[in-house]
Amino acid sequence: MDMINTVVQGVLVGGLYALFAAGLSLIFGVMRLVNIAHGDLIVLAAYVALVVVQMLGIHPLLALTLVVPLLAGFGYALQRIILNRTLGKDLLPPLLVTFGLSVILQNGLLEVFTADSRKLSAGALEVGSFKLGDAISVGYLPLLMFGTAVAVIAGLQFLFYRTALGRAFRATSDDAEIAQLMGLDKRHVFAMAMALCLGVVAIAGVFLAIRSNFDPFMGPARLIFGFEAVIIGGLGNLWGTLVGGVILGVAQGVGAEINPGWQVLAGHVAFILVLAVRPKGLFPRIDG
Amino acid sequence: MTHSISRSTNASRVAAMVAVLLLIGLVSAPWWTSSATLRLIGEFSVYLALATLWNLLAGYTGLVSVGQQAYVGLGGYVLFSVALFLGINPVYAIPMAGLVCAVLAVPVAALVFRLNGAYFAIGTWVVAEVFRLSMAQVSALGGGSGTSLPVAVMKPLGDKAAREAMIYWLAIALGAGCVALVYGLLRSRIGLALTAIRDSEVASSSLGVPIARVKYGVYIAVSAMTGMVGALIFLQKLRISPDAAFSVNDWTAFVIFIVVIGGIGTIEGPIIGTIVYFLLREFLADYGSVYLLFLGALAIVVMLVAPKGIWGYIAGRYRLSLFPVGYKITWKD
Amino acid sequence: MTDVLAIDDLQSFYGDFQALHGASLTLKQGEVMALIGANGAGKSTLLKSICGLVSVRAGSVHWKGADLRGQSPNAIVRQGIAMVPEGRRLFPSLSVEENLIIGGQVARKGPWSLKAVYDLFPILAEKKAMPATSLSGGQQQMVSIGRALMSNPELILLDELSLGLAPIVIKDIYAQLPRITGTGMSAILVEQDVTRALSAAAKFICLQEGRVSLQGLPGAHSRDAISAAYFGT
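Residue numbers (the numbering used here), protein chains in the order written: chain A, 1 to 288; chain B, 289 to 621; chain C, 622 to 854.
Honestly, the hints are just simulated from the structure, not real lab data. One should not assume that every hint holds.
[Unchecked claim] Every beta carbon over 12 Å from chain C, so not counted as near; a handful from chain A, in silico:
1. Ser121
2. Val150
3. Thr172
4. Gln180
5. Trp262
6. Ala276
[To be verified] What follows is a list of derived Cβ distance ranges for each label pair:
7. B:Gln425 - A:Ile58: 35 to 45 Å
8. A:Trp239 - B:Gly375: 38 to 48 Å
9. A:Asp2 - B:Ser488: 51 to 61 Å
10. A:Ser212 - B:Gly604: 46 to 56 Å
11. A:Leu165 - C:Glu830: 36 to 46 Å
12. C:Ala841 - A:Glu177: 45 to 55 Å
13. C:Arg678 - B:Gly604: 17 to 27 Å
14. B:Leu495 - C:Asn660: 18 to 28 Å
15. B:Ala304 - C:Ala659: 46 to 56 Å
What you are looking at is a predicted structure, and each value in this text was computed from that prediction instead of being measured. We treat Cβ as the ideally placed atom computed from N, Cα and C, and that holds for glycine.
Bound-form chain A, shown alone:
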């Protein structure tokens, strides 16, 4: 019975991992860019939320209304000013520039906020829970995170396949040269994709800040969890990324049950197993 509870918690945490991963998946799909600073941007969002909450005294979830547009705007500028210049056939520039960005973010946050652990309080939401049957306890916050992940992914799918912006994303990703002949400015299209990505990152960051302590160096681990969720689920498939996140969450939960020190390691093992047996992931749609 305890194992069932563990699995349920793992599934719910999977929602958070899917939120980490969704932006990563989106950007790779549109411009074949893997942003090494992705996890650090999630942490940046957490700190921005911290500042907003401290300055305005509002609830962290309400702070989302400010953090999301702030991060989205930053994403647009980042892509337009720096990252667009790295796109091309060569693999090294985007990788090295985003790696440099990762280092800058970590050390910048360290300088401004020190290495102290922080956390945002969501009040009753954090501790409240309800019971499913006898053995399973479902917390409001984990359920909200999972529900948000589903909503975000559904929203992204809708945007991609039923809106003009989504059409622009798909066309530019298919053939940027011909997309220009349709009147699309690829610099703008890519920047919009990054803005969207950082909007999702903002949501992930706020949830991260509520759920657990955070410090400037948590970025790489979030990147790795997001990356593992994407690979397990299969490239180019957002719903697959949700499944990947869930599998990761469950693996970590089971690992922690066996031995608390094995939590993260168990997740890595699950990732390695999938990579060894199904290199393209469980539901791949595009090639790497």
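Starting from the known structure of chain A, fit chains B and C onto it as the hints suggest.
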């Protein structure tokens, strides 16, 4: 019109002479400099080795790994294990560390080579994390807090001065050895294959270049050498812990910055980059994390503005090559 | 009637390689011009130079008085120029209808709309929800033409319509050409099939190794003269 083909340039001949003189000076250093200087030169040599190896992997073979710290740490832990539990002379433990890393690199490569591009990079990082988390579970080696190498283990190396000299010479040997190895490799047929692969995988594959085997071979060789450097690093530090052994900052971030700023895809690049890194450290070390911030920003600027790095720019401008790997045709009328 | 398109001494480059060595041509409104020449002569390069997809180092391209040199492709397209690219180059991730809709991203006034395109090529209406690249070559060519028409251009550039298509399919597509150009649209038609190109156009230009080797009216030159200009003998 007849022609002659040569492999060296005027600049390279001069550089070769300078290198020989430099090496003589370096090898004799224990007799005419202080301990502190020896340590500094040794550290320089270690970073030069790591940078040259990473450059071979990423700049020449196109395998951009962000996880080489896996082998630095593994090499260190092998040395500690072998010295502590088997009582072997630490100096002999270094090649053993290389061997263990080579062996482990085989299944790791089989796994991560299933990923491409930036996903490959992150995959190597995950592997390093697995190593780190696993070593933290090994209580015999101190678990999460790590362990120290008792001085008794160092006895076979002699007294303090002899120990320092030995570690110093090993560092020089590894540093110069890596550069010589990479240079020799690139002048050989394998080097030709690497250049062909770099230019066009499809074309070189159709000509019979065994791309997969070359990549595997380079990855395993680089990982083994990295392991040996790692063993030396921790032999000098006398203390190891999972966080220090598998630190991304120390063994990958700095190395990448060195190579990028110095000039990726050239042999001279890592040398220039290591010099720049140590110069910057002299001036900025007091500023802690601002130093890293600055390095990161510098690497970004270099990548956007001068992607070939300092040496790439100089070599392009003045057509210079100190370690010529190509062929020069001279036409004689 | 004034020239709407005036190209003067165009020199276009792919990196260091010069593909056009001073090509010049003029086009009036509603005129259909055939651009013929062997493989590598520079025909596609000329079209791409007009659209801003290729680097132009010297010479000028004037469209309705405005100099197009240095403008980005998406800006050029907004001024009423559309291209049907060589090899169709539809967007694989989009359906047939989505490919057409995105062609109309540049919303200009005119007779062409989704309905009008489906009138022109009824088979596309049947297949509108299918992934564009799952259609046959001829049908894909129809989608590509429709996509270009959706922006109601004043100048349409048709690059190698017949490439890779069966003769009967080519015949069908060319049969629709008058309906397309009949709306007052100017057109430049690039073709390797000389006979077909000359029969569809009011005037022609022949390129040979990046230079204009012959130009004029289709009936005014002998087969031998055209052949010599084509092959450069």
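A:Trp262 remote from chain C - nearest C-beta pair above 12 Å: Given a closest Cβ separation of 41 Å, the condition holds.
Non-interface claim for A:Ala276: all C-beta distances to chain C beyond 12 Å? Its Cβ never comes within 12 Å of chain C, the nearest being 30 Å, so this holds.
Pairwise beta carbon distance, B:Leu495 to C:Asn660, judged against the given window 18 to 28 Å: Distance hint for B:Leu495, C:Asn660 holds at roughly 26 Å.
Do the Cβ positions of A:Asp2 and B:Ser488 conform to the proposed distance bound of 51 to 61 Å? 57 Å, holds
A range of 17 to 27 Å was offered for this pair. Does it hold for the Cβ distance of C:Arg678 and B:Gly604? The hint (17 to 27 Å, Cβ to Cβ) holds, given that C:Arg678 and B:Gly604 are roughly 22 Å apart.
Range hint compliance [Cβ, B:Gln425 to A:Ile58, 35 to 45 Å]: 43 Å, holds
Between A:Ser212 and B:Gly604, is the Cβ distance one that fits in 46 to 56 Å? 49 Å, holds
Does A:Thr172 clear chain C by more than 12 Å, comparing its Cβ with all Cβ atoms of that chain? Label violated. Min Cβ-Cβ 9 Å, cutoff 12 Å.
A cut-off of 12 Å on Cβ-Cβ distance, and A:Val150 was said to be off the interface with chain C. Does that hold? 24 Å, holds
Beyond 12 Å from every chain C Cβ - status for A:Ser121: Given a closest Cβ separation of 43 Å, the condition holds.
Hint check for C:Ala659 and B:Ala304 - Cβ pair distance inside 46 to 56 Å: 53 Å, holds
Within 36 to 46 Å: is that where the Cβ-Cβ distance between A:Leu165 and C:Glu830 falls? 44 Å, holds
Against the hints set out earlier in the document, violations occur for numbers 3, 4, 8, 12.
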